Structure formats: C-alpha cells, structure tokens
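Note that the protein sequences, when read in sequence, are chains E and C.
Heads up, the first sequence stops at 336 in the numbering used here, and the numbers go up one at a time, no gaps.
Heads up, the second sequence stops at 523 in the numbering used here, and the numbers go up one at a time, no gaps.
Since the hints were made in silico from the structure, they are not lab data.
Hints may contain errors.
Unchecked claim - Covered stretches of chain E (in silico footprint by chain C; criterion: 3 or more residues with CB under 8 Å from a CB of chain C, positions within the stretch not fixed): (1) 191-197; (2) 201-207.
Claimed, not checked - Beta-carbon label-pair distances, calculated as ranges: (3) C:D72 x E:T16: 27 to 37 Å; (4) E:W180 x C:F29: 54 to 64 Å; (5) C:F258 x E:Y182: 46 to 56 Å; (6) E:T169 x C:G79: 42 to 52 Å.
Remember, predicted model here, so these are calculated numbers, not experimental data.
Using N, Cα and C, we set each Cβ at its ideal position, and we do this for glycine too.
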Amino acid sequence: MRIGQARGALPLVLMTVLILAVGSFATVRQDAFLTSFNLNNLLLLAMPLALVSLGQTCALLVGGFDVSVAALMTFCVVVASYTMAFDKTGWALIPGGLVLILVGLATGIFNAVIIRVLKLPSIIATLGTFSILEGASLLLRDHPEGPISSGAVDGLTRGIGFVPIAFITVVVLAVLGDLWLYRTRTGLAMRAVGLDETSSRRLGMATGRMVFVAFVLCSVMASLAGLYLAAQVQIGSPLIGNYGLESIAAAVLGGASLAGGRGSFVGALLAALFLSLIDNVLPLFHQPTEYSQMTIGVLILLALVLYSAPELLARFRTSRAGVGRLETGDGDAAAG
Amino acid sequence: MSITGPARGGNEVSPASPVLTLRSVSKAFGAVQALREVSVDCRAGEIHALVGENGSGKSTLLGIASGFLAPDDGTVVIGEVERRRVSPAESRQLGLGIAYQTYSHVLHLSVAENLYLAAPSDLRPTYGRMDGWAADRLAEFDLQLSPSAPTGALSLAERQLLEVVKALLPQPKVLLLDEPTTALGPEDVDRLHALVHERSRAGVGIVYVSHRLPEVLGIADRISVLRDGVCQGTFEAASMSEEGLVALMIGRPLQLAFPPRHEREAEREVLLAVSGLRGDRFGPIDLEVASGEIVGIAGAEGNGQVQFLRALAGAERATGTATCAGKQLDSSSPLGPLRAGVVLLSGDRASESLFPVLSVRANSTIQVLRRLGKLGLLNRRRERRTVGELVQRLSIRAASIEQPVQTLSGGNQQKVSLTRPFLRGDVKVILAEEPTQGVDVAARFDIYGALRDKSKEGVATIVKSSDPLELAGLCDRVVVMSRGLIVDEIPGDELGERRIVEAIVGSRAGAREAAAHTEDGPA
C-alpha cells in the first residue's frame with residue numbers, strides 16, 4: 001500500500017511542480033502572462049480538455065479506452081450551433097446544454113452496450129463510434145457555419161474575479177472524484193474491477209454495471225467538454241481536434257494506468273491544466289506551436305518512466321535486502 | 001447426492017437438513033459437456049468431499065454453486081432459496097462462502113483491501129479503519145501477514161490461506177473449498193483441517209474438493225465422485241478405500257505404481273554441480289546431481305526450496321557457482337541456463353510457464369520453433385505431427401492440439417509444460433517445482449513416468465515437492481532443506497514417506513524460532 005500511495009502522489013506532485021515552474025518562468029519573462037485577462041483565458045482554454053480528461057480517467061480506470069470523445073465533442077459543437085444559435089438569448093443554454101448531455105448519454109450507452117454486451121474491445125468499439133459521429137457532424141455542417149449565441153457563451157464563461165465558475169466546479173468534481181475513488185468502498189471496487197475483473201466478479205461485484213457506468217460517464221463528460229469547446233470556437237465547426245489522444249495523455253500524466261485500476265481525477269485535471277498552459281505560454285514567447293506538441297510528447301515519456309520508478313526501486317531494494325540478510329550468516333539471521 | 005450411489009442403499013439416521021443442493025445441473029463449454037445432470041447436496045455440519053480427475057467438472061460445479069458460472073440447466077438451492085442462477089453477491093448473502101482454486105485476489109491491492117472487498121456490508125468497518133480491522137481478522141485466523149502488504153508479494157501458501165480466510169469472512173452456512181491445500185506444507189494442512197473441523201462442528205456444511213485422496217478419506221464424512229461431468233454417486237467416507245475411489249474416478253482400477261528406478265550404473269558422471277550458491281532465503285548450498293538421477297527437495301514450505309531452484313534457472317539473483325556438464329552456468333538471466341540445457345518447470349503454471357490463450361501446439365513448440373522450420377518459415381505439418389505424438393505419449397486430454405491451454409484442466413496444463421523438455425533434444429537438467437500440484441491421480445503417474453523417461457535419457461532432475469509420498473516414490477535421493485540450507489540427505493535405500501516427514505519435522509523443531517524472526521511477512 002505504501003508503494004501504491006507513493007505512486008498515487010507522485011503524478012500530483014510532478015504536475016504541480018511543472019505548472020508552477022512553467023508559470024513562474026512565464027511570469028518573470030513575460031508581463032502579459034500573469035494578468036487576470038490571460039489567466040481567465042488560460043482557465044477557459046483548459047476547460048474542454050479538463051472535462052474530457054476526467055471522463056477519460058473513468059474509462060481508463062476500468063481498463064478501457066474511449067477514443068470516440070473527440071468526435072463526440074465536435075458533434076456537440078455542431079449540435080450546439082443549432083440548439084444555441086446566434087439569434088437566441090442566453091436562456092437557450094439550458095435546453096441546449098440538456099440536449100448535449102442527452103447526446104452524451106446516448107453515445108455512452110451505445111459504447112457501453114457494444115463493449116459489454118457484444119464484448120468488443122473498447123478501443124475498437126469507440127473507434128467505430130468515432131467514425132459514426134464524425135460523419136454525423138459533417139452531415140450537419142460540412143464547413144464551419146452557424147455562430148453560437150453570445151448570451152450562452154457569456155453564461156458558460158461567467159466567473160468570480162478571473163476564475164471561471166465552471167473551473168471551480170471542475171476542481172470540486174475532481175476532488176470529490178478522488179475522495180470517492182480512494183476513500184470509499186465503491187471507489188475501491190471500481191479500481192479492483194480495472195485491476196482484475198475475474199477476481200472482482202468472484203468477490204461479488206457488479207463488474208458489468210461498473211464498466212457500463214464508467215463509459216457512460218466518460219461520454220457525458222465529453223459532451224460537457226463539447227459544450228465548452230462550443231463556447232471557445234463559437235461556431236458550428238465540424239473540424240475535429242486531437243482531444244482523444246490528448247485526454248488519454250492527460251489522464252496518464254495524471255497517474256492513470258493503461259492497464260486499468262489506477263488513476264486520479266485531480267491528477268488528470270492538473271495534467272490538463274499543464275498541457276493547456278504549454279499551449280498558452282509558447283505563443284507569448286513567439287514560439288511556434290509545433291514545439292508544444294513535441295514538448296508534450298517528451299514529457300509524457302519522461303513522466304511514465306518516473307511514475308514506474310518507485311515500484312522498480314522497491315523491487316530492487318527488497319531483493320537486495322533479502323540477499324544481504326542471509327549473507328550475514330545463519331547465526332545472525334535471527335537477529336535481523 | 002445421487003440415488004444410484006451404492007452406499008446410500010439403506011436409510012441412515014435422519015440426516016441433517018441440506019444447506020446446499022444442486023439439482024440436476026448441466027453445463028457445456030462449447031463442444032465440451034463439463035457437467036451432465038449432476039445432483040449433489042451438502043448437509044449442515046458435514047464435510048462433503050468432491051473428488052474426480054482434473055477436468056471432471058469439480059471446479060465447474062463449485063462455480064455454479066457460487067454463481068460465478070451460469071448452469072445451462074438445473075437449479076441451485078442455498079438454504080431455503082432455490083434459483084436457476086444466483087449471482088456471486090447473492091450467494092454470499094444467502095450464506096455461501098467459497099475459496100477458489102485459482103483464488104479471488106486482486107493482486108495489486110493490499111491484503112487489507114482484498115479482505116475488505118470480500119466482507120459483506122454488515123461486517124465491514126468504515127473505510128478509514130480498514131487496516132486495523134484487517135489486522136484483527138488476520139489475527140483471528142492466526143495468519144501472520146501485514147495488512148498493508150500487496151497481495152502479489154505473498155507466497156502461494158499465504159495466498160491460499162488468505163483465500164480461505166476471505167471465504168470464511170461472511171460466516172457462511174456452507175463453505176466450498178476448491179483444492180485448498182495444493183500450496184500448503186504439512187503443518188498448514190493440519191491447521192486448515194483443524195479449522196474445517198471446527199466449522200463443521202459449528203454446523204457449517206463444507207464441500208471439500210481435493211485431489212489428495214488420503215487427505216479426503218481422512219477428513220470427509222461423505223464423498224461424491226465425478227467422472228467426465230457425471231456424478232458416480234455419493235458414498236459414506238468410512239466405507240471407501242483409496243483404491244475404490246480411484247476406480248470410480250477413472251472408471252477402471254489403476255495400478256498406483258511409481259515408475260521403476262533404473263539400475264544405477266556405478267559412478268555416473270556428475271552433470272549439475274552447485275557450490276556455495278546463495279541468494280534470497282537460501283544458501284550456501286552445495287549439491288551434485290548425476291546424469292540419470294532424480295533428486296528430491298523436501299522441506300516445510302518457505303524454507304528457500306523454490307528460491308534455490310529459481311536461482312539455478314536464472315530467474316532469481318544469487319551468488320556462488322553452478323556448473324552444468326563442467327561448464328559454468330551463467331545465471332544472471334533465464335537465458336544462460338536455458339541455452340545450457342537447464343529447464344525450469346515453474347510451479348506457477350498460469351503466470352510463469354504457459355501462455356494461457358495460446359494453443360497446446362504453440363505452448364509446446366515455442367522454444368524449438370527454429371528446429372521445426374526452414375528458412376524462417378514454419379513447417380506446420382511437421383509441428384503438428386511432433387506435438388500430436390507428444391500429446392499421445394503424455395496422454396494430454398484436449399479436444400485438439402489447437403485448444404487454448406487455459407481451457408484445459410490443471411493436470412493437462414502441467415503436461416503441456418512438460419512437453420517442452422521432450423521437444424528439446426539438448427536438455428541436460430530439469431528443475432521441477434511441484435510438478436503435480438493440482439494434478440489428479442492418473443495424470444500424476446503420467447507425469448512421474450515422463451520425468452523418469454527423461455532421466456533414463458541421461459537428464460539430471462531436481463524435484464521440489466511438498467508431497468513426501470511423491471518424493472519417496474519418484475526420487476533416487478532426497479535432500480531436506482530448512483532455513484535455506486540442506487540439513488539432511490536421505491539416500492535411496494532409506495527413502496520412505498515416513499522417513500522424509502520425520503526429517504522435515506526434525507529439522508523444523510529448531511528452525512521454528514528462527515523462522516519466526518526471519519520471515520515476519522514480506523516486509
């Protein structure tokens with residue numbers, strides 16, 4: 001458990017340190033960085049990735065992937081350009097948002113049914129969903145058109161000071177999520193299902209239902225991410241961002257294991273913030289965004305090596321200690 | 001319970017009410033009919049043994065009783081409640097506890113977390129007090145484990161005992177134990193049996209599955225026999241003998257004979273020489289094994305026997321020297337010993353020796369593919385023929401050689417891992433760790449025969465086993481290990497089950513205190 005906890009805390013620490021490091025570097029070198037305008041902008045920019053990364057963490061926890069999230073987010077943007085069209089007031093946000101959540105629910109159930117009932121691997125199942133949603137988006141908008149109601153955008157981006165209310169909500173969600181995951185029985189059961197489904201079933205857990213719920217949650221979070229993406233692009237654009245891989249990257253940087261059963265919502269949120277920060281900072285230094293792609297790639301590899309280090313070290317140490325103990329001779333063995 | 005059982009002819013004294021009844025349960029896996037209309041019941045307070053060869057359907061039957069598997073036909077009655085199929089959660093709620101042969105541990109979680117997940121809601125403390133609660137439960141069962149240790153770090157024996165504790169946590173009215181002693185040494189077996197007796201006196205009905213017939217005859221009140229998925233009847237244990245049970249299990253009387261030791265020519269050459277080898281939990285060890293010789297390693301569980309074998313095979317770190325046919329063994333990785341012709345048959349078949357999803361064919365030939373082809377292309381026909389011959393020779397029971405090994409019974413899986421030394425012409429040393437663990441009687445003797453065949457070809461063999469009878473029957477010589485050292489050696493003419501047990505017990509008396517200090521959990 002000690003090993004597990006060290007592994008659990010490491011991503012949070014690393015992500016916090018990296019955010020502070022990049023943040024302070026940018027503050028010192030660029031006056032434009034630490035302004036409430038830029039910070040507000042940064043947090044809003046981070047919203048779609050943050051939301052979808054929380055969802056992706058759910059899917060990874062039960063040992064699956066959801067690559068359909070990017071297409072779902074785009075589909076939500078396209079749908080929002082109808083339900084929250086430019087000529088509507090800010091009140092359109094409520095029915096519009098509900099429609100998007102329903103789209104998320106439906107996609108999630110569709111994915112979960114294919115994965116649990118038809119027993120297809122999640123990566124294949126969601127790849128199919130990805131294509132279907134991509135086609136549906138292009139059917140509705142074959143090029144970017146249909147601006148989104150500015151009233152709705154204002155509603156989504158409202159904040160206290162420079163901090164968007166939505167961001168505060170996401171932080172609360174992530175903290176509650178981690179408390180649930182690491183401080184309750186159902187959270188433990190969720191991790192157990194991801195680690196070993198056969199044993200979990202033998203122990204009487206409703207494994208099928210848990211995987212089902214995880215994939216539905218993932219899609220619902222992705223639809224909310226789509227809502228914030230709509231507020232960002234403010235037009236019904238069928239162009240798909242790279243959110244599928246980025247959300248997996250954020251979840252993994254935040255401590256999730258691709259093998260399932262491990263992960264942290266707070267970690268995923270911090271990682272999403274960090275990835276957005278890099279996107280935000282490089283233009284301030286007039287650096288091309290290609291560098292951010294490469295930086296992110298290198299960091300993911302480094303982080304993964306670092307995360308698995310405690311286990312490797314522990315294994316190394318116990319095997320050394322074992323040899324050392326017996327080498328003291330049989331008479332002294334009792335003393336050790 | 002089957003009506004056809006001969007011993008059930010007369011009406012005995014009023015039997016206690018059944019706590020678990022399976023009514024004409026059938027189950028097929030694909031083309032294989034695992035169970036055919038099997039009816040068994042277990043009464044309150046009785047120990048009901050279930051015996052049968054591997055693949056006869058014992059585990060399937062228990063899986064259906066616990067709700068892990070759904071029967072194709074028939075019903076399960078737990079207490080008063082009759083169901084077409086129960087869920088594992090429901091069966092636990094109804095008072096059924098089960099220790100699975102392959103365990104129900106989530107290996108990456110701690111001992112405490114595993115116990116917590118196994119406990120029913122009314123007996124669970126709040127999440128924060130889990131570790132203290134788990135420590136109390138472990139103390140209750142006299143199990144010296146650290147609650148925070150990862151389950152994956154436990155020894156096989158510790159995992160097995162933990163599985164039993166998990167089954168007992170909900171205080172079940174009926175307890176199913178599937179091969180609960182395969183990884184246990186004699187002392188732990190006694191402790192477990194004491195526990196089983198205590199529970200049965202308290203009115204718990206116990207279904208006990210084991211391939212160790214003496215153990216079964218010693219503990220059971222009634223015995224049901226399965227053969228090829230069909231119940232051969234339920235019998236009073238007192239009326240049964242080992243031979244009688246075996247005849248029912250395999251459908252014909254079996255010559256329970258170990259393969260004859262071949263005449264030892266005077267002074268065979270020493271093939272494997274170990275000197276001053278030491279590593280985690282063992283050493284320094286000096287041992288010489290001649291070609292054609294089978295040397296047994298006896299000892300109480302956890303005295304370094306496994307580590308010693310693994311170190312020889314390069315699967316564990318060690319210092320000291322080992323030579324094979326005069327050449328120094330490079331034991332820094334498994335590759336060196338393998339190239340030198342030293343083959344380890346791991347006791348952990350599922351995770352260390354076999355590829356569960358691959359076929360019998362692929363598992364057999366994976367080390368010798370180069371020999372079976374030309375120019376980098378496999379000659380499939382030749383591969384099939386080679387494997388087919390071996391399957392016959394070792395009597396491996398599989399639908400075809402393309403069947404994934406994970407769907408085979410334990411004994412047949414073990415035989416598949418045994419095909420490898422047969423396929424390699426250059427094997428010099430076989431290191432067998434518990435070669436018949438979880439293997440039924442008939443298959444065990446096939447395995448003994450196979451090992452002896454290899455030794456006749458001049459292979460030096462070391463067999464680590466917790467079964468003294470097996471060591472006495474199979475080996476030319478047995479060494480006894482305690483606290484990581486060889487403390488006794490029993491030459492061939494003195495070999496006997498009793499002599500081995502005495503050696504183990506004798507060496508253990510002095511070792512116990514030391515063991516208490518050196519093995520205080522996987523710290």
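Results for each hint:
1. 191-197: With 4 residues closer than 8 Å to chain C, the segment 191-197 of chain E meets the three-residue bar; holds.
2. 201-207: Our answer is that it holds, as 6 residues pass the Cβ test (under 8 Å) against chain C, meeting three.
3. C:D72 x E:T16: 27 to 37 Å: Given range 27 to 37 Å: violated, Cβ gap about 55 Å.
4. E:W180 x C:F29: 54 to 64 Å: Violated: the Cβ-Cβ distance is about 38 Å, outside 54 to 64 Å.
5. C:F258 x E:Y182: 46 to 56 Å: holds (54 Å)
6. E:T169 x C:G79: 42 to 52 Å: holds (49 Å)
Checked against the numbered hints given earlier, the structure breaks hints 3, 4 and satisfies all the rest.
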